[in-house]
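S.K.: Protein sequences, first through last, are from chains A and B. Numbering of the first sequence is given in the working numbering, commencing with residue 1 and proceeding in unit increments. Numbering of the second sequence is given in the working numbering, commencing with residue 1 and proceeding in unit increments.
Where hints are given, some of them may not hold.
Which copy is meant is left open, because identical chains are indistinguishable; a pair holds if it fits in one copy or across any two.
Stated by the list, open to error - For lysine-lysine, the following DSBU-like pairs were computed, each having C-alpha atoms within a straight-line distance of at most 35 Å:
1) K324 x K338
2) K16 x K125
3) K11 x K324
4) K21 x K125
5) K370 x K11
6) K130 x K370
7) K21 x K370
8) K16 x K370
9) K130 x K324
10) K86 x K231
11) K338 x K27
12) K130 x K172
13) K234 x K21
14) K87 x K361
15) K87 x K352
16) K125 x K33
17) K21 x K324
18) K33 x K361
Source of the hints: derived by calculation from the structure; they are not laboratory data.
One-letter residues, chain by chain:
There are 2 protein chains.
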Amino acid sequence: MENFSFYSPTKFVFGKETEGKCGALVKEFGGSKVLIHYGGGSVKRSGLLDRVKTSLADAGVQFCELGGVTPNPRSGKVYEGIDLCKKENVDFILAVGGGSAIDSAKAIAMGVCYDGDFWDFYSGKSRPKKALPVGTVLTIAAAGSEGSGDSVITHENGMLKRGASGDCIRPKFSVLNPQLTTTLPAYQTACGATDIMAHVFERYFTNTTDVQTTDRLCEAVLLSMIEETPKVIKDPNDYQARANIMWAGMVAHNNIVGVGREQDWNSHGIEHELSALYDCAHGAGLAVIMPAWMTYVVDHNVMRFAQMACRVWNCKMDFSDPKKTALEGIAAFRSFLKSIGMPINFSELGAKESDIPYLVKTFGLGETGKTGGFVQLTSKDVENIYRLAL
Amino acid sequence: MENFSFYSPTKFVFGKETEGKCGALVKEFGGSKVLIHYGGGSVKRSGLLDRVKTSLADAGVQFCELGGVTPNPRSGKVYEGIDLCKKENVDFILAVGGGSAIDSAKAIAMGVCYDGDFWDFYSGKSRPKKALPVGTVLTIAAAGSEGSGDSVITHENGMLKRGASGDCIRPKFSVLNPQLTTTLPAYQTACGATDIMAHVFERYFTNTTDVQTTDRLCEAVLLSMIEETPKVIKDPNDYQARANIMWAGMVAHNNIVGVGREQDWNSHGIEHELSALYDCAHGAGLAVIMPAWMTYVVDHNVMRFAQMACRVWNCKMDFSDPKKTALEGIAAFRSFLKSIGMPINFSELGAKESDIPYLVKTFGLGETGKTGGFVQLTSKDVENIYRLAL
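Could you put together the complete structure from these sequences and hints?
M.R.: What follows is the structure, encoded as structure tokens:
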């Protein structure tokens, strides 16, 4: 096990009708003038935005608002938010929505406290040290941004999708009401579930040995997702299953299932190029890429994939042929994704073989020409993984 | 799943030689004058106390010290600490030791900020709202106090062992260096492991249905403990196993494995009377009580015990006789405890049958005459559980 620091100071308020508490929570964490930041019209139509405003007003908290965050949130909206916060003297940002609204809120929060261009944090030019406090009211179980210190933004100049990380952007509080997710269509629900599972797998495949406790926690989240996801695909109103998934989404990404070990994240990187270019759902892109990546790297540590197969997918260990077991686990993952309605290849996703050279180029391996992680990948490897996903 | 709030804002700094960071951590969390609070001579003999002092001095942090905390920490030492903090204008308490030193530090931290008797928080007369910030340097994996908002103190007037809880006593930071635990004797190590597993079981046995994610996380911690504990009993210097156990001890008790459900805690309550009266190790008392409690209440929900048997102890489900499977799981737990050197009955613990009436009396069921939890217990039930443990 490697030395690590784990810091997840977010207060999670979970359950039915909890959005009514967000005014009191903003006050608890010192906010007096809030920017409510959200995406499209669904939070308006559902009445959620009004309930949030009522809660803030009841607590005596002032607010302004900025909607229009898109999936794969863009830099333009971030610049707009930074300007608005400065103009309105905002001291707290409340994201109402999914990972896109939250990631955009985090970017604004950093940008307000920084003299340079907020994109410096995403291009790797600078590391965030200070940000406005952020709170969230989550409407989809997926990105895990409600409990993470991460944010992913796409810059409109070149459609580059990049991430930034820092403890200063971990939300002060997150309100998680599973009722808010029952109106989500099955496809979006499944995309979210895939993202959650991918967050665990990116941490599960590691070269660090002897991290039993973290391994078991990873497997716990996966087992719960495998049991609960089909329930909500069948019945979107299954509150209990929605609740288990919503909480699993947080646990999968606040890093409690990732501590003490080297992590991978290459599937996320390879996928980001797909959703940046085609504007497809991140989870759908992951459903296409992740099993292809697994198949490509299985020989790097057959026993780790066999462990996943046995502990997570209930495969029987073939002691005379561990790789057979390992491949069975990967096949089980792909079958599961198919069963919840996910695309599992380029054409189902609407991606084109002819774009692969462009995707590889924008993936950007940097000066070393290799990625880090579980298996170091060259440009040729990345190309091969895209081709395996055809 | 029930509505819940989960708040674990402690910064965990984990790994080799991490005690050298505690000076910087105290400063990060605003401390300028520290009370170092610890138990017996082992932290002095090992050189740990000197390393902590060096770290504080290097960070320019002033300090005073108060040692002498005993296992099952006493009220007298708490009063002494409160007086010292007031006299020395202490603004941060750093516990160096195990659960006893940490719990005593939390009691002092509350007492300094309270006009009345600190015992009010333990007798249930008052709820803590404010406390001095507390940090910890942990030396034994057991109580989980390094990540919890709980503290247990024994009042010398009547040897009453009682707990207090509140977010304000969650540590600001906890330094977890598994190297510090390699010198622990096997018996103490096993007592700690038992306590860790008990913290999970107290949360696992619940009447709340549909809490799959939390169930799986409980099982994950138990599976890791079952695999890692025998390794350290065999080889106390197994760093990796020590590390997995130390982290599992935190995860078992910061409540991430307990959210969204009613919990039990009757085994802890029943045990507390044993360790208060005989001053035995809390973990040893739990090893005697917990399997007896399980056996006594198994009929309340046979399938939950069968689930534990199959998922945690790898028993085969007997579909024609689920209770047989349930009892096999309890037997497997008892065998495990025996295999790591724990006492499993009154005489091995040094407890006396003739004291049972006194134990039942001091257990204190309050006005209702019943406990809450998974199964409500009357005085007669408590007596029966003590007798089952003979």
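S.K.: Now tell me, hint by hint, if it's right for this structure.
M.R.: How the hints compare with the structure:
{"no.": "1", "hint": "K324 x K338", "verdict": "within (21 Å within a copy, 38 Å between copies)"}
{"no.": "2", "hint": "K16 x K125", "verdict": "between (42 Å within a copy, 31 Å between copies)"}
{"no.": "3", "hint": "K11 x K324", "verdict": "neither (44 Å within a copy, 42 Å between copies)"}
{"no.": "4", "hint": "K21 x K125", "verdict": "between (38 Å within a copy, 28 Å between copies)"}
{"no.": "5", "hint": "K370 x K11", "verdict": "between (38 Å within a copy, 33 Å between copies)"}
{"no.": "6", "hint": "K130 x K370", "verdict": "within (31 Å within a copy, 51 Å between copies)"}
{"no.": "7", "hint": "K21 x K370", "verdict": "between (47 Å within a copy, 33 Å between copies)"}
{"no.": "8", "hint": "K16 x K370", "verdict": "between (46 Å within a copy, 30 Å between copies)"}
{"no.": "9", "hint": "K130 x K324", "verdict": "neither (49 Å within a copy, 58 Å between copies)"}
{"no.": "10", "hint": "K86 x K231", "verdict": "neither (45 Å within a copy, 57 Å between copies)"}
{"no.": "11", "hint": "K338 x K27", "verdict": "neither (45 Å within a copy, 52 Å between copies)"}
{"no.": "12", "hint": "K130 x K172", "verdict": "both (13 Å within a copy, 19 Å between copies)"}
{"no.": "13", "hint": "K234 x K21", "verdict": "within (31 Å within a copy, 51 Å between copies)"}
{"no.": "14", "hint": "K87 x K361", "verdict": "neither (39 Å within a copy, 66 Å between copies)"}
{"no.": "15", "hint": "K87 x K352", "verdict": "neither (44 Å within a copy, 73 Å between copies)"}
{"no.": "16", "hint": "K125 x K33", "verdict": "within (30 Å within a copy, 38 Å between copies)"}
{"no.": "17", "hint": "K21 x K324", "verdict": "neither (51 Å within a copy, 46 Å between copies)"}
{"no.": "18", "hint": "K33 x K361", "verdict": "neither (43 Å within a copy, 55 Å between copies)"}
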